[in-house]
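Dock chains L and D against the given chain X, drawing on the hints supplied.
The primary structure of each chain is shown beneath.
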Amino acid sequence: MANGVLAERLENYLEHKTHKGIFAWILSTDHKRIGILYLVSMVTFFWVGVTLGFLMKLEMLTPGKTIVDAQTYNTFFTLHGIIMIFLFIIPGIPAVFGNFFLPIQIGAKDVAFPRLNLLSWYLYIIGGLFAIASLFLQGGPIDTGWTFYVPYSIRTTTNVILPLLGAFILGFSSILTGLNFITTVHRLRAPGMTFFRMPLFVWALYATAWIQVVATPVVGITIVLVIIERALHVGIFDPALGGDPLLFQHLFWIYSHPAVYIMILPAMGVVSEIIPTFARRTIFGYKVIAFSSLAIALIGYFVWAHHMFSSGMSNTSRAVFSLLTFLVAVPSGVKVFNWVATLYKGSIELRAPLIYVMMFIFLFSIGGLTGLVLGSLATDVHVTDTYFVVAHFHYVMFGGTAIILFAALHYWFPKMFGKMYNEKLAIWATPFIFIGFNMLYFTMFILGYKGMPRRYWSYLPEYQTLHIISTVGSWILITGLAIMFGNLIYSLFKGKPAEANPWGGVTLEWQIPSPPPAENFEEIPVVNHGPYDFSKINGNSDGKS
Amino acid sequence: MEKEHKEHLIPYGTYFLVWLSLISLTVLTVTVAGIELGRIALFVALAIAFVKSTLVVSYFMHIKFDDLIFRFFLLVALVTLASIFILTATDIFFR
Amino acid sequence: MENPEISTPISISESEKTEQARHLSIPHQHKDAIGAKIGMWLFLFTELLLFGGLFLLYMAYRLQYTKDFVVAASELNLVLGTTNTIILLTSSLTMALSIAAIQRGKKKLSVAMLLATIGFALAFLVIKYFEWTAKFHHGIAPNSPELLSKPNGEIIFYGMYFSMTGLHALHVIIGMIILLFMLVFLLRGSISKTDYIKLENSGLYWHLVDLIWIFLFPLFYLLH
Chain X
1 MANGVLAERL ENYLEHKTHK GIFAWILSTD HKRIGILYLV SMVTFFWVGV
51 TLGFLMKLEM LTPGKTIVDA QTYNTFFTLH GIIMIFLFII PGIPAVFGNF
101 FLPIQIGAKD VAFPRLNLLS WYLYIIGGLF AIASLFLQGG PIDTGWTFYV
151 PYSIRTTTNV ILPLLGAFIL GFSSILTGLN FITTVHRLRA PGMTFFRMPL
201 FVWALYATAW IQVVATPVVG ITIVLVIIER ALHVGIFDPA LGGDPLLFQH
251 LFWIYSHPAV YIMILPAMGV VSEIIPTFAR RTIFGYKVIA FSSLAIALIG
301 YFVWAHHMFS SGMSNTSRAV FSLLTFLVAV PSGVKVFNWV ATLYKGSIEL
351 RAPLIYVMMF IFLFSIGGLT GLVLGSLATD VHVTDTYFVV AHFHYVMFGG
401 TAIILFAALH YWFPKMFGKM YNEKLAIWAT PFIFIGFNML YFTMFILGYK
451 GMPRRYWSYL PEYQTLHIIS TVGSWILITG LAIMFGNLIY SLFKGKPAEA
501 NPWGGVTLEW QIPSPPPAEN FEEIPVVNHG PYDFSKINGN SDGKS
Chain L
546 MEKEHKEHLI PYGTYFLVWL SLISLTVLTV TVAGIELGRI ALFVALAIAF
596 VKSTLVVSYF MHIKFDDLIF RFFLLVALVT LASIFILTAT DIFFR
Chain D
641 MENPEISTPI SISESEKTEQ ARHLSIPHQH KDAIGAKIGM WLFLFTELLL
691 FGGLFLLYMA YRLQYTKDFV VAASELNLVL GTTNTIILLT SSLTMALSIA
741 AIQRGKKKLS VAMLLATIGF ALAFLVIKYF EWTAKFHHGI APNSPELLSK
791 PNGEIIFYGM YFSMTGLHAL HVIIGMIILL FMLVFLLRGS ISKTDYIKLE
841 NSGLYWHLVD LIWIFLFPLF YLLH
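Protein chains in written order, with the working numbering: chain X, 1 to 545; chain L, 546 to 640; chain D, 641 to 864.
Chain X extracted, bound-state conformation (with noise of 0.2 Å):
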């Protein structure tokens, strides 16, 4: 800012208000707005599942009753799944930070439809309090685990219909997200910015939407098929009528294995977007990574029925997709020594975002891992429905997509907000979530193996010493997110202004201000290199395609 020159900035997104108050935000088609208001109120719901989970933890220090009875513990772990999966992972890193990040990404404006973007949200928010409702009325909170498996669906005197509804919604939400970003990425790339020039987080997305676009319908007809079989007994799903119980489960998890890709996928695109801006040095084997996303999303719609292995199918099919189940893990192994080999000689910085990035790798792998287990059908009819499975999908979902969701939290914050958070607050926070974590979930792969079913209240008491450590591993945890989530909520307010590059990054969002301005960018870029271009930095050739 010189003397007696005025300096003609843009404004930047959050001081440029379409309407007044409140309406600037919640009647703005912004994707950079639309993607706060996806932050806040997923943080919301997210931290509604967390006391549930600490509840359902409490619950277990004891065999018997510690602070609720049975029907009341249904209701929890059925509400905390539905919360932590349909308002908070799946929509998660996509509604976040694919919309605040993606138009960026690419050198557009905004996405390809962005009033249907603010409509997402609408019914994100409308799905959620729907899902809630149900707390509140006759019949009480649904107790149907949040798979709602038919018959009891069908049958029990809770409050189903409403839920179900609310789980509907927001799938619409997800496939509008999904039909938005594939649309944006074919129309509105900036010269230049050929499909093998975008970041990998882009090419995570795209794979992503695919899933969100072809793979949610099919849940959403379940959902409608439970509705009217309740509503109107029309006889498909219920057994007393003729219907077969496995066909539900074949629509359900035809969405519900998929959707674990909708989770995973933009995370690992996330993870290569950290890892070549802390090692300084260009992604190795760029291509590869771009096709395994791809490639993840095709076989991750061949192996839905390992959910399945003791429901009752034919033997063809328990051996056919336990081999479909095993290719799947490849693309990702892929990815994983892709990452590792980017650290290798580079320059590494080691910040939160880094930190978290390798809190993943650790208990990613464990998660993947275990996975493999499962998926093998003869060790999986013997773990199945235990606190294996519990301990497996905590690891990949939350070790996995969280933990990776807290490090985009960091690595995009100044970017988004113009203000830089505590480093060394950040840092605190990480050996409480990592220790807790692992206090809590990795017990559980111990208590699965030694045959604690899941979802049961009470236990038999040799699986008490465990239980209580898995406790005590949450208040751990659930310590550390209050330190993280304390000190982002802090530096929103009272942080450092941040500057455009404070990591030396070198994709688009790095080249504009912090925080952004409300069109991205005064001049659409003209792209000449590839995304992870280190060259100029290093004064090598390092990155250049």
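Bear in mind the hints are in silico, worked out from the structure with no lab data behind them.
Ideal Cβ placement from N, Cα and C applies to all residues, glycine included.
Hints are not guaranteed to be accurate.
[Said to hold, decoys possible] Below are the BS3-like pairs computed for lysine-lysine, each with C-alpha atoms no more than 25 Å apart in a straight line:
no.: 1; chain 1: D; residue 1: 707; chain 2: L; residue 2: 609
no.: 2; chain 1: D; residue 1: 746; chain 2: L; residue 2: 609
no.: 3; chain 1: D; residue 1: 838; chain 2: D; residue 2: 748
no.: 4; chain 1: D; residue 1: 775; chain 2: L; residue 2: 609
no.: 5; chain 1: D; residue 1: 838; chain 2: L; residue 2: 609
no.: 6; chain 1: D; residue 1: 747; chain 2: D; residue 2: 833
no.: 7; chain 1: D; residue 1: 677; chain 2: D; residue 2: 747
no.: 8; chain 1: X; residue 1: 17; chain 2: D; residue 2: 671
no.: 9; chain 1: D; residue 1: 833; chain 2: L; residue 2: 609
no.: 10; chain 1: X; residue 1: 345; chain 2: X; residue 2: 536
[Unchecked claim] Here chain D is said to cover these stretches of chain X; the calculated rule only asks that three of the stretch's residues, wherever they fall, bring their Cβ under 8 Å from a Cβ of chain D:
no.: 11; segment: 207-221
no.: 12; segment: 250-259
Chains L and D in isolation, oriented as in the chain X frame:
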């Protein structure tokens, strides 16, 4: 954009021909259903339905004259749907 | 010139690319008809998978209850089913003709064809209404004592019949409403020779409704 629409106007007559084919195929499928074909009756009916739908998608929905990307997208969706059917069949056909 | 986003833009000059990108990436300032069409096709895929789930169930239950399915299917009215098939196929024709007309600037013809399409949609629904009420009149309805007294396979057949034709009919109604809106746009001129993507996309939706019926018809009415 505009240039794509100027490129290809399908003559009205083509649409009529497609419609005639569709009606004929409908007549065919109803007639064939009356013949005792046993197990292959279902496949014949589905084959005719498949031909009808190809006509609708190619001409009425214009995909034959649109950019290749649309056909590619449709292929992705159909392949996914087909694999869902095939893999489910490995269960229900072998119980 | 090819669509730039399909091939690598080596053949287009930098300034042309910049112009194009500026055009496309400014929100609300330039309509992207191809983008809108992509969005619509993606939405159609969701409908394909939605009904796909139902067809999957049908496949499983028909395998399990083949004889019961044949018995129950013989109670459906083949004449009405075939008539409805022809009605929908013809409505697809008039839909396509409506778009073809506006592409040539023939507004009156376009309106007439659109009205015909809406008329056919209504006819379809009327016939469906009579089919269903006839069933109800004979005591065949979800959860009715008459239906529950039948073998399980027949109960499931009717469960699939009511769900699938019901969901389809819902889509016909939605399609009709969309076409009514398009009629208004057409009359007002916001759909015109130079900008008819809304009508095209509505047409795509309408053809999907037709496509679903093309498969429903043989699976429910032609079981002999």
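Would you pick out the hints that fail for this structure and give their numbers low to high?
-> Per hint list: 1 and 4 violated.
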